[in-house]
Amino acid sequence: MQSTDIDNNKIRFKAGRITVTPVAAAALELAKAHDILLLARHIHGDWGDLGQRDCLQNELAVLLDLRILSRYALPTGSVIWVVTTADRSATTILLADGG
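Terminal number for the sequence shown in our numbering: 1336, no gaps in between.
Hints are computed from structural coordinates only; laboratory data are not their basis.
Note that CB positions come from ideal geometry on N, CA and C, so glycine has one too.
It is possible that part of the hints are untrue.
[Stated by the list, open to error] Simulated pairs of lysine to aspartate or glutamate, DMTMM-like, Cα-Cα distance not exceeding 25 Å:
(1) Lys1247 / Asp1334
(2) Lys1251 / Asp1291
(3) Lys1251 / Asp1324
(4) Lys1247 / Asp1291
(5) Lys1247 / Asp1283
[Unchecked claim] Quick list of the computed label-pair ranges, beta carbon to beta carbon:
(6) Ala1263 / Leu1301: 33 to 43 Å
(7) Asp1324 / Leu1267: 29 to 39 Å
(8) Pro1259 / Arg1290: 14 to 24 Å
Start from the sequences, fold in the hints, and give me the full structure.
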């Protein structure tokens, strides 16, 4: 779910060092999806397939320097999480099912 009153053309926060786990990279390749596009959605405030409560938590996290998590379903059925640390030093792209 994406908030309609947020300017999604503006980068909302720094991603820091980007890491893509090998399992996530394989899932993205299988789905013919690109990690950079999911990362772009994440840092622009498009939280993907989250409910309203989780989207609101992310909005607060941006303001209060807390951890930010986005969820993106791939066409293959796999789910990718994009997680940015509270201190904005790192963002990890990983498969929700353990990788």
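- Taking the numbered hints from earlier one at a time, note which ones the structure violates and give those numbers from smallest to largest. Structure breaks hints 1, 8.
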